[in-house]
Amino acid sequence: MLQFITKRTATLLAAVAVSSFAVFLIPYVTPGDPVRKIIRSRVAGDAIDASSVQALAQNLGLNESLATQYFRWLGNFFSGDMGLSYVSRTPVVEQVLPALAVTLSLVAMSLGLAAAVALPLGIISGLRPGSMPDKAITGVTQALIAMPEYWVAPVLVLVFALKLPVLPTAGWNDLSSAVLPVFTLALRPISFFTSAVRAGIIDAAAADHVPAARARGLSHAQSIIRHVIPNGMVPLSTLFAVWFAGLLGGSVIVEVIFAVPGMGRLLFDAVINSDIPLAQGGVVVVVALAVGVTTLADFVHRLISPTVGGSLA
Amino acid sequence: MRSFPRPRVLVAALATLALAGCGFSGSQPGPDQGTATADPDQRIVVDNFRAPVANWALESDAAYILSLSGCLETLARYDQAEGKVVPSLATEWKQTSPLDWDFTIREGVSFQDGTELSAESIVAALNHVLDAKVPARAFNRTMISSVSVVDAGTVRVSTPAENPLVPYRLASVNTGILAPAAYKETEVDPFGHCTGPFTPVSEKAKQSLTLDRNENYWGGDVQLAGAEIRFITNGATRAAQVQTGEADISLSIPVASLATLKGAAGVTVLGADSPRTATLYMNNGRAPLDNVDVRKAIRDSLDLDALAASVYEGAALPATGPFAPSEPWAGEGREQQKQDIESARKLLAGAGYTADRPLEIIAIVERAEFADVAAVIQENLKNIGIPLSIQAKEYASAEPDVLAGNYDMLLSQRNRLIDIADPIGFLTADYTCKGTYNLSRFCDAEYDRIIADAATTVDTTERYKLYAEAGRILQDKAVNAWLVNEQATDAIRTNVLSYVQDPLSRYVLTAKTAKSAS
Chain S
2 MLQFITKRTA
12 TLLAAVAVSS
22 FAVFLIPYVT
32 PGDPVRKIIR
42 SRVAGDAIDA
52 SSVQALAQNL
62 GLNESLATQY
72 FRWLGNFFSG
82 DMGLSYVSRT
92 PVVEQVLPAL
102 AVTLSLVAMS
112 LGLAAAVALP
122 LGIISGLRPG
132 SMPDKAITGV
142 TQALIAMPEY
152 WVAPVLVLVF
162 ALKLPVLPTA
172 GWNDLSSAVL
182 PVFTLALRPI
192 SFFTSAVRAG
202 IIDAAAADHV
212 PAARARGLSH
222 AQSIIRHVIP
232 NGMVPLSTLF
242 AVWFAGLLGG
252 SVIVEVIFAV
262 PGMGRLLFDA
272 VINSDIPLAQ
282 GGVVVVVALA
292 VGVTTLADFV
302 HRLISPTVGG
312 SLA
Chain Y
4 MRSFPRPRVL
14 VAALATLALA
24 GCGFSGSQPG
34 PDQGTATADP
44 DQRIVVDNFR
54 APVANWALES
64 DAAYILSLSG
74 CLETLARYDQ
84 AEGKVVPSLA
94 TEWKQTSPLD
104 WDFTIREGVS
114 FQDGTELSAE
124 SIVAALNHVL
134 DAKVPARAFN
144 RTMISSVSVV
154 DAGTVRVSTP
164 AENPLVPYRL
174 ASVNTGILAP
184 AAYKETEVDP
194 FGHCTGPFTP
204 VSEKAKQSLT
214 LDRNENYWGG
224 DVQLAGAEIR
234 FITNGATRAA
244 QVQTGEADIS
254 LSIPVASLAT
264 LKGAAGVTVL
274 GADSPRTATL
284 YMNNGRAPLD
294 NVDVRKAIRD
304 SLDLDALAAS
314 VYEGAALPAT
324 GPFAPSEPWA
334 GEGREQQKQD
344 IESARKLLAG
354 AGYTADRPLE
364 IIAIVERAEF
374 ADVAAVIQEN
384 LKNIGIPLSI
394 QAKEYASAEP
404 DVLAGNYDML
414 LSQRNRLIDI
424 ADPIGFLTAD
434 YTCKGTYNLS
444 RFCDAEYDRI
454 IADAATTVDT
464 TERYKLYAEA
474 GRILQDKAVN
484 AWLVNEQATD
494 AIRTNVLSYV
504 QDPLSRYVLT
514 AKTAKSAS
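Going line by line, the protein sequences match chains S and Y. Residue numbering for the first sequence follows the numbering used here, starting at 2 and increasing by one per position. Residue numbering for the second sequence follows the numbering used here, starting at 4 and increasing by one per position.
Calculated from the structure, these hints are not laboratory results. Even glycine gets a Cβ: it sits at the ideal position worked out from N, Cα and C. Please note that a few of the clues may not be correct.
Pulled a few chain Y residues facing chain S out of the computed Cβ check, cut under 10 Å [stated by the list, open to error]:
hint : residue
1    : K209
2    : F234
3    : A239
4    : S400
Let's have the full structure, built from the sequences with the hints guiding it.
Here it is as structure tokens:
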């Protein structure tokens with residue numbers, strides 16, 4: 002147990018260090034002057050006075066060496082200070098935390114919906130592979146993979162906001178405003194979750210202990226409920242965690258289309274505007290959460306998985 | 004007062020406001036206007052195209068959001084219909100010496116926190132903008148030497164050199180006046196500190212700004228109970244919201260949504276010329292484009308009608324030169340450039356151009372339509388024997404080469420009125436020999452003389468004549484090929500009353516803006 006936690010803590014720290022440094026370098030390795038990008042994010046227009054560029058670079062310490070800038074940020078970070086956004090000139094934490102809360106809600110609802118839909122479909126499909134219901138479920142869920150969010154979202158707006166005006170087109174105000182973004186974001190996880198559950202159920206049903214349980218007197222239904230379904234759902238825990246981690250910063254398309262003020266939009270804008278402190282703060286939080294969630298999933302997986310045998314070494 | 008856990012945040016930058024463009028054809032009334040009755044209990048929802056990102060610093064584009072929402076006011080304001088600067092928080096102004104302008108302060112004006120507008124508060128507000136680390140384009144120490152109190156009712160603005168455009172600069176939203184309490188050590192707090200018809204009361208970060216009617220507005224009764232400004236960056240979403248009625252006014256409607264909105268019930272689409280002309284910049288400092296005949300040949304080869312109709316789907320008009328025809332400085336007799344392949348071929352042959360010097364065009368990816376525009380130009384140039392390759396680049400990545408003159412042609416567009424409601428800044432920066440943004444690398448002594456004259460000409464009519472003359476030189480020398488004049492397009496619900504479209508989206512909500520009950 003201790004070894005497991007130590008390993009994962011080291012992984013977390015390494016991931017934070019690598020990702021924050023990679024984000025830090027983005028404005029410098031991509032074409033264009035980072036200072037001009039920052040100015041353009043504050044005021045419109047292409048023509049920028051050279052004296053303004055110089056003044057801002059000095060004000061933000063961007064004339065110093067990259068190493069100095071990075072280690073200063075790292076020092077501040079470990080003392081609990083994520084710094085000020087270059088663009089907004091406000092504390093990074095004040096922007097990251099509200100955005101994170103929004104994205105956590107959005108992702109939790111989306112993956113919850115996906116799991117709620119995928120579980121019964123995957124079980125039905127996996128218990129009778131090759132049947133008509135299995136073929137229908139597999140066909141539909143596979144088709145969902147091919148539907149990108151930038152296409153699904155406008156179609157949903159067209160149907161549910163414009164043609165049947167029952168839902169708002171955008172915003173993040175109440176539960177009704179969450180319906181379309183949550184549904185859009187849930188579609189692809191539904192597909193992957195269903196496939197995973199189906200495969201898990203098929204594997205679990207073929208395991209040796211299921212006939213043994215039947216031989217001990219359990220009915221078919223009892224053996225399914227006690228042995229097949231629980232074991233068939235094991236792969237879902239890992240997949241859920243992977244999707245959760247991925248969507249923390251990867252729901253940008255949905256957030257832009259539905260005007261959801263979440264982490265995806267925040268990070269996208271930060272990178273576009275060369276807002277290094279905001280991008281670093283946001284990425285570090287997302288990476289830490291992602292590592293934390295996948296670690297937790299591993300932990301749960303090792304506890305419940307018969308194949309891993311409950312080892313936490 | 005702000006109703007949410009007060010973020011010290013709230014930032015500025017409404018950079019893309021310029022994207023809304025600006026124009027001169029004014030506004031159109033909605034179908035119900037004139038018959039419907041204003042309901043003073045109504046609130047209005049405006050979809051704006053960008054969120055504030057700079058903690059409301061007035062030197063940033065955040066000032067546009069405060070201005071369009073009817074909170075922030077300036078000493079003077081630009082009247083689109085009149086085409087001139089008119090009084091606002093100042094009742095009059097006069098040039099008292101070559102370097103000094105005195106502004107008389109309007110009496111009886113209070114900030115929304117109850118403190119009185121005074122010469123001292125105005126001087127403090129303007130000095131705050133002047134002292135900004137990244138100064139405002141319209142109002143900074145390069146053109147303003149000081150702002151001082153003359154007496155209780157007068158503020159003096161002094162310039163380092165004679166400058167007839169000081170009132171224009173004081174009409175820039177960046178020179179908005181807030182109460183002294185608004186200026187904190189590291190932030191600007193506009194909540195309860197404006198003078199306008201609407202008072203900001205709460206904000207949802209990155210989502211919306213809510214305002215209530217200012218019951219004590221100096222400019223008369225306010226016709227709406229309040230407003231919500233939503234920050235919707237996606238153009239299709241803005242269009243959908245005005246169509247469903249979730250928004251009453253949606254600013255900057257994208258071309259792709261126009262056809263749907265024009266046929267939608269309860270929606271009026273408003274269009275006006277913007278101060279943006281999509282332009283094929285040509286590097287006058289590098290062969291073969293240093294030859295005026297080659298540039299003219301390229302210009303003559305272009306089919307602007309087809310370009311406007313196809314790529315812009317009719318939402319832009321073929322250009323007639325560096326200015327939109329409706330601009331007061333466009334001059335008389337401007338005619339659209341017609342495609343003339345024969346003339347272009349002759350000019351090319353006369354210039355000695357051969358196809359072994361292919362050209363390259365940079366299409367800025369930030370404007371998605373430029374890829375298609377470049378493809379049309381490629382086809383047009385092929386007709387006259389110029390092979391053209393297209394490079395799609397982000398502006399930031401193209402900028403170093405473009406500023407250094409290492410390019411042939413660039414597709415871009417500039418807001419001519421980016422700083423003030425007068426093109427002097429644009430004409431100086433972009434086309435004078437020492438211009439700080441002279442991408443075309445154009446240099447002409449006569450042009451420079453005209454612009455220098457214009458910069459010191461107080462009489463507006465005379466100044467506009469000089470601009471027209473400068474524009475004619477640019478056109479005659481085919482410095483660039485001006486392609487299409489973009490249109491600023493807003494959409495409003497038909498129960499919105501007294502809405503006057505401002506193509507620069509500086510003034511959207513005013514005391515007169517109203518809404519009927521249905």
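Evaluation of the provided hints:
1. K209: Holds, about 4 Å.
2. F234: Interface hint status for F234 (chain Y): holds (7 Å vs cutoff 10 Å).
3. A239: 6 Å, holds
4. S400: 3 Å, holds
This entry satisfies every hint, going by the numbered hints stated previously.
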